[in-house]
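If you read the protein sequences in the order shown, they are chains Y, F, D, W and G.
Residue 1 is where the first sequence starts when you use the UniProt record's numbering, and the numbers rise one by one after that.
Residue 1 is where the second sequence starts when you use the UniProt record's numbering, and the numbers rise one by one after that.
Residue 1 is where the third sequence starts when you use the UniProt record's numbering, and the numbers rise one by one after that.
Residue 1 is where the fourth sequence starts when you use the UniProt record's numbering, and the numbers rise one by one after that.
Residue 1 is where the fifth sequence starts when you use the UniProt record's numbering, and the numbers rise one by one after that.
Do not rely on the hints blindly, as some may be mistaken.
Said to hold, decoys possible - In silico lysine to any residue, SDA-like type, Cα no more than 20 Å apart, as pairs:
id : chain 1 : residue 1 : chain 2 : residue 2
1  : D       : Lys236    : Y       : Leu171
2  : Y       : Lys20     : G       : Glu321
3  : G       : Lys206    : D       : Leu16
4  : Y       : Lys170    : D       : Lys73
5  : G       : Lys206    : D       : Gly354
6  : G       : Lys206    : D       : Phe10
7  : W       : Lys43     : D       : Ala538
8  : G       : Lys219    : D       : Ala554
9  : Y       : Lys170    : D       : Asp141
10 : D       : Lys14     : G       : Met146
11 : F       : Lys220    : Y       : Leu171
12 : W       : Lys88     : W       : Lys43
13 : W       : Lys43     : D       : Lys73
14 : F       : Lys220    : Y       : Gly131
15 : D       : Lys73     : Y       : Leu171
16 : D       : Lys282    : D       : Met343
17 : Y       : Lys146    : D       : Thr100
18 : G       : Lys303    : D       : Asp141
19 : D       : Lys502    : W       : Lys147
20 : F       : Lys31     : G       : Glu321
21 : G       : Lys220    : D       : Thr2
22 : Y       : Lys168    : D       : Leu16
23 : Y       : Lys168    : D       : Asp68
24 : F       : Lys195    : D       : Asp141
25 : W       : Lys40     : D       : Asp25
26 : D       : Lys502    : W       : Lys43
27 : Y       : Lys168    : D       : Lys73
28 : G       : Lys303    : G       : Glu321
Note that these hints are calculated values from the structure, not bench results.
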Amino acid sequence: MKDLTDRLGTLFSLGDITEKRDDLAFVSVAPDLLRAVITHLRDVEGFTHLVLLTAVDWIEGGQFQLTYLVHNRTRARDIGLRVFIDREEATMAGIHDLWPTAATYQRELKEMFGIDFPGSPRIDEEFILEGWTDIPPYRRDFDTKKYAEETYFHRPGRETFDPATHMKDKLYPGEAS
Amino acid sequence: MEAFVKPGEKNRLKERPERPVKQELQPRVVKTPDGQEITVEPLKDYYCEAPPRVHPPAYAKIVEDLFNWARAESLWILGFGTGCGAIEMRPLMTPRFDAYRYGIQWRPTPRQANLFVISGYLSVKTLKRAIRSYEQMQNPKYVVGLGSCTINGGMYWDSYNTIKRLDRYLPVDLYITGCMPRPEALLAGFLELKKIIKAGKGEGANRYAENFDWYKANQKQVIHDWDMPDYSW
Amino acid sequence: MTVQDVLSPFTAWKNLFRDPVTVRDPLTERPGAARYRGFHKNDVAECIGCGTCEAICQNAAIDMVPVDGIETKEGDSGLRPQIDYGRCCWCALCVDVCMTGSLTMSNEYTWIDSDPDAFRFVPGVDHKSWDDAELGYHRPDGHRLTPPERIVMREMDPERRIGNFEEIVDGYSVEEARAEAERCVACGLCVATCPAHMSIPDYIATIREGDYEAGLKLLYETNPFSQVCGRVCTHKCETVCAVHHEGDPIAIRWLKRHITDQVDRDRYVDIIGRPAGETGHKVAVVGAGPAGLTAAFDLARMGHAVTVFEARKHAGGMTRYGIPEYRLPYDALDADVDVIRAMGVDIKCDTPIGDKVTMTGLEKDFDTVLVAIGLHLGRSTRIPGSDHPKVAKAVDLLRAITDGETIDVPKTAVVIGGGNVAMDIARSLARLQKQIHGEVGMTVTALEDFSHFLADPEEVKESFEEGIEIFDARGPREVLVDEVGNVTGLKTWKVVSIFDDKGRFAPTYDEGDERIHVGTMVIEAIGQAADVALLGEALTEKLEWNRGRITVDADGRTSEPWLWAAGDCVNGPDVVHAVADGHRVAASMDAVLKAKELS
Amino acid sequence: MPEGRGYQRLKPLTNLQDILDVATEFERTARDFYKDLVPKVSKNIRYLVEELAEEEQEHFDLFADLARRDDLGDLVRHEIERPASDRKFSDCVHLPDLGENPDDQAVLQYALMREHAAMEQYTALAERTPPGPVHDLFLFLANEETKHKNELEAIYYEIVHSGGV
Amino acid sequence: MALFELDRSQYPEAKADGSLDIDLASGKYLKLWQGPQHPGITGNMSVELTVCGDEVVEGRTHVGYLHRGFEKLMERRTFIQCFPIVCRICVPEPDFNEYCYAAAVEELAGLEVPERAHWIRTLILEMGRINSYMMYLGGQAGSFGMGVIGQWATYVRDLMLDRFEEMTGARIYHMFILPGGVRDGLPEGFAVRMEETLREVERALKDINDVMYCNAVFKKRTVGVGVITPEMIEPYGVTGPNARAAGVAKDVRKDQPYLVYPELDFEPVTGSVSDIYTRADVRRRDVHVSIDLIRQILQKMPKDGPVMTRLPNVLNWKIPEGETYIRGECSRGEYGYYLVTDGSGYPRRVNVRGPSYTHAMALLEKLIVNANISDVAGLMVSLHTYPPEIER
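Go ahead and model the full structure; you've got the sequences and the hints to work with.
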């Protein structure tokens, strides 16, 4: 992979590069450079298969990490482009014109993370959730357990005991510690 | 069974922003073949809006027992696999487990089915379709819940999209536990259901009619995209 | 479109002549496979209610519930897993992680009910049809989700450690400690067994996170002698550790020590926190052993003015003068004592109770007094010849070694006794013999046989490694003295059996098997007593006694309202019991002092 | 030691009742000795002396009601089928002088010595009398003293071999 | 070559985002819903068809009926707790999730899996592949009205499930491939019973071939319908039998061999034109390849040795920060797990890339245009899609 990343390094200013295996590497790219790099990879370097486009929510850093994973079948190699965008107004240029299947990924990211891809076909159409009223569920600030308890009401009548406190109540209730 | 609490029970209806009605459900003016202009109201014309009634037992016990015997011996399951448990119903259709010898078979439409098997977890989107399918089935109708997901949420107990207790949304006659229950357990469950029906205790449909408001309130509390009348058969 | 395409589908008709594959009665003919993961079974006698199955279950399907008929005792929380089959997914992770292997699965799979609340049961307690099914999933042998082996603690090898008094145990490095702390399943069964009820799982968790200062704060909430207990505690907690059932228990004692080693000592006081404001009450403590100083530490932190009177030159009591340096280095003990001093406790050394300071004096000058004098008098067997000057008591000899006095080290010596004190004195003298004479000549004889030895097994093992001969089941008969007046050895008889079936002392000797153990010096380490003479005649008369020990209630109060007693001199064989006594006394004193304020 | 004063008094007696009377008298002297030792001893070990006094009292009562029993002979014979073995644990413990302020160990040693002496005295008497009721009675008395001594040895072990870990 | 080409001039042009501006009131078009329940597809997926006469003008796939939010739930579960939930993502072939998740965790945590565990994992994956194809055959025949094939296929699948139950302790969700290896070795006499089951599969396949593949009606309705041209493969990310039927020998087991595939000799099966018939035929021949693979595995497998590596204490298991992508060839195409860890005890993000993600959405919506209503069901099933892979 070293040769590929070096070649890319000469053409574009890349962020940090992690070489996971000899057939997989991840490269950080600036958001506006993404389209250029990915088009170059697809047309020149032979990475013609878009494997996946997903988002990772780094809530501590206030950032979404968009990962574009493309695969080159002849050389049997993958390269993942990492793009960091702001968490609050998360928008990114779509790549639905390069791969028609990217439109589906972008629809899912819009519904699940709230990342907007202006111009992507049917971006605002309901994809998975129907009549969803809360914030996009895959964001880390959405607590699914609390939502489930408030909305669906688990079956009552269950209670658990912690062994240590139970033994304290039973064997030495008066003691301080 | 959990005590039935009248609709006042704390299930706050989420405040729902007004949703645009789907294109095919909006009223539209259509020219009939003979040139007249009529307006089609899908939400009214396609449904029959009448709340369900409690069906009293037949006039004589002997006759009711006969009916129950007939109903029990012909459990026609609606072919709607709502969850992952449906895959274990397929072997029942094959000669190896041969559910047909017990009078059990699968029917494509709710009109011809009298047993609705909720086969595992039920996401909100499928719940809406399940409710419509259930309401389109003819009385007497029974519901069987498969797997731990219908009892107390199962593996998806903390998921934001699956219901946790089936008995809050549909009247359930029988539960078969397992993740997912095997074909043999399903057969044992159906035979158990036969006993319940023959004993005249298969009153799920009537319970649904009696506590109709409570069920509707619960259903509307989780289904936000409610673009159909309350009862659509 | 060929003719074959039209005709070949009709080949299906050949199935008319095949016999059907239908299962005649699917409800009974199809039991689950031998490894089938069916409904749960639990051997409630084997289960210790540690809650590890509840911790690993990702469906929160398991609750630990009390069960009547199973009472809580040491090592068993009395709780049993209740499984909610409205949540379970039969993944059997609980069976794989079960600490005692009591939770298994049957191959039963049919459970049908109309009532949704019925699918909750405590396996082994609520009896089900599958309780005695033979087939079903069991944890495959060798398949473990928690590492059973303990991280090996590096120790000095015998050849190197025999020549000096340096500490044998090196202590864990950060990586080793973290790896050992990883093994803890945080079930909490150990907390009840520890006499001081230290919050063990919490401070082990701080080691995992590497937050040693939080760990130290946790330690000092319950044990101001953490450095000492980290080295010499009898670690009862490790005997009830859940991991102990199918592997080595967690090295709790060494992990406690690891925390104290990682935080440098001048940070201790500001981590533990300053004592509260002055309350104006004055408390006197007799004896600066673990019990006395723990009570002093607690009371000082509550703001009371505490003065400790110690007869010896240094504080520490039995932990300094009874335990040799290779087991507990004095700088570790001094570190603990310095922390207690920093809390404002005034420790007056070299002030024995008796002439200058008397008990009646203390009663007048202080609001409350605590007697924590330990067991510093050695017992003698008083067999013929045992009053010879060359026959010494182990406690006195250990005190001399600790004070650094020069003692004439015999070439060969015999120790009577089988407890830890006997081992300590034997191994101390062995080291001195090695330093002075170049080779070890120590023999230990004990009345009890190895199975009844009071000493820790590792102590006995290490003594053997250091070249000390140990003879068990030898009854001491006579100290042999030659005509010139020097001790030449000890005559012992073989003890055939030492206790009767009811466990009472009923020795039977084999007089034929008589043996002479050569030694120019005999040391008696058979037992210790408290030096109660210092209480003075008047007080001894007023106090209530119970078989030679001061009678105290649960809080350590004696029959005298102003006097408390704690530590070895009252009960509890070891350091951590003394610390626990100290806490109880401090809490009780504080309550009494507060009550006195109101009235 | 075995041919001491007591031995001489008992040797000539042939009547069971008289022997028993003398034995009970010995027990009474022992009890009285302990009774007046109680105040003299420091309070923390006073419990021990009281226990010894009670032990002797029990023996006194035992022998006293035995003396009144008429089926003395076969009762004694029945007892000595199971002789208590003398464990010889304390034989090597030499006699201390009680002195001014004895500690618990010294008191126990003294008690053990008395029991040992009594046991040897009765066994010697038993050996010197021809087999018969008198012989059995002496054996019985020796047996009682041995059991008593074993009991004391157990208490000695618990007190001396204790404390410390 | 498509059987009939309709001129599309009479239909309205596509809007900017590709969907057509349909005026229902004009009475020329009709909106039909295909699904969400259809015997052919395992799982619920519906296609919203706009039809003119009986020719489809536009199709939109709707999913979300089986959405449980796996990736959200896995962020709340420790690594060992994620193990039982991953296999629930895909019912016909659950083992692939277990393998991909286990391999991803092993790579990031640096676990060394023993040799024998690799062999057992490959065995399970191939058995799972046969099961998945059997389910497909039942569905494909069902969508064209031939119910009997579904009976035979499900029966044979049931025999295979007995083998699974015997080896792993469960029928469908095996929860057997644990991060670090597999739970246990093979039971005694497994190879013999496996051989019998394989012969049953071969016998059933032969029957199905006679009745379905050499069937004039089936041929007439499937040849030349729903053609995937080789040029469509890269833009639409088509993988698996759908792509191989178009002549592109795209098989991860050959391109990037994993587990013990390098030691097994087999040839990926390819066809000429990727229409419904060829795709079905490629899948049938793939089953034969899998049967042969299983025989090779059982014969070459090391008889004893450890099956599980030593795991750290799973209750406090923290994996250092990192991200990785593990892929494999499942029955429907390329299956992959993208796992991101942040050094805590919980995965930061898990993304499951199932082959149906592209097949059922972009590809189906493209192929379905100007298909006949009666072929829509067959077309959907022929792509062998499984909806929960799309919405997870």
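Evaluated hints:
Proposed proximity of lysine 236(D) and leucine 171(Y) is supported: the alpha carbons are some 16 Å apart, at most 20 Å. Proximity of lysine 20(Y) to glutamate 321(G) is assessed by CA-CA distance (about 12 Å); at most 20 Å being required, the pair is judged to hold. Note on lysine 206(G) and leucine 16(D): the hinted pairing holds, with a Cα-Cα distance of about 17 Å set against a maximum of 20 Å. Simply put, lysine 170(Y) and lysine 73(D) have alpha-carbon atoms about 9 Å apart, close enough for the 20 Å limit, and the pair holds.
The straight-line distance between the Cα atoms of lysine 206(G) and glycine 354(D) is roughly 106 Å, outside the 20 Å bound, and the hint therefore fails. Pair hint lysine 206(G) plus phenylalanine 10(D) holds up; C-alpha atoms about 13 Å apart against a cutoff of 20 Å. Only pairs whose Cα atoms come within 20 Å are accepted, and lysine 43(W) paired with alanine 538(D) is accepted, the gap being roughly 10 Å. Only pairs whose Cα atoms come within 20 Å are accepted, and lysine 219(G) paired with alanine 554(D) is rejected, the gap being roughly 92 Å.
Under the criterion of a C-alpha separation no larger than 20 Å, the hint pairing lysine 170(Y) with aspartate 141(D) is inconsistent with the structure, at around 35 Å. Between the alpha carbons of lysine 14(D) and methionine 146(G) the distance comes to roughly 17 Å, so the proposed pair stays at or under 20 Å and holds. In summary, the hint linking lysine 220(F) to leucine 171(Y) is not supported, as the alpha carbons are separated by about 50 Å, beyond the 20 Å threshold. Our distance criterion of 20 Å between C-alpha atoms is broken by lysine 88(W) and lysine 43(W), whose separation comes to about 30 Å.
Of the supplied pair hints, the one linking lysine 43(W) and lysine 73(D) is violated, its CA atoms being roughly 37 Å apart against a limit of 20 Å. Distance check on the hinted pair: lysine 220(F) and glycine 131(Y) sit about 11 Å apart at the alpha-carbon level, within 20 Å; holds. The suggested pairing of lysine 73(D) with leucine 171(Y) holds, with an alpha-carbon distance near 8 Å, which does not exceed 20 Å. Pair hint lysine 282(D) plus methionine 343(D) holds up; C-alpha atoms about 15 Å apart against a cutoff of 20 Å.
Only pairs whose Cα atoms come within 20 Å are accepted, and lysine 146(Y) paired with threonine 100(D) is rejected, the gap being roughly 34 Å. Only pairs whose Cα atoms come within 20 Å are accepted, and lysine 303(G) paired with aspartate 141(D) is accepted, the gap being roughly 17 Å. In summary, the hint linking lysine 502(D) to lysine 147(W) is supported, as the alpha carbons are separated by about 16 Å, within the 20 Å threshold. Taking the CA atoms of lysine 31(F) and glutamate 321(G), the gap is near 65 Å; set against the 20 Å cutoff, the hint is violated.
A threshold of 20 Å between alpha carbons decides the hint, and for lysine 220(G) with threonine 2(D) the separation of about 11 Å falls inside it, so the pair holds. Restraint check for lysine 168(Y) and leucine 16(D): the C-alpha separation of about 72 Å exceeds 20 Å, so the hint is violated. For the proposed pair lysine 168(Y) and aspartate 68(D), the alpha carbon gap of about 17 Å is at most 20 Å, so the pair holds. This hinted pair does not check out: lysine 195(F) and aspartate 141(D) have alpha carbons roughly 44 Å apart, beyond 20 Å.
The suggested pairing of lysine 40(W) with aspartate 25(D) is violated, with an alpha-carbon distance near 92 Å, which exceeds 20 Å. About 31 Å separates the Cα atoms of lysine 502(D) and lysine 43(W), which puts this hinted pair outside 20 Å; it is violated. Of the supplied pair hints, the one linking lysine 168(Y) and lysine 73(D) holds, its CA atoms being roughly 11 Å apart against a limit of 20 Å. Between lysine 303(G) and glutamate 321(G) the alpha-carbon distance is near 37 Å, which puts this suggested pair outside the 20 Å criterion.
The structure is inconsistent with the numbered hints 5, 8, 9, 11, 12, 13, 17, 20, 22, 24, 25, 26, 28, although it conforms to all the rest.
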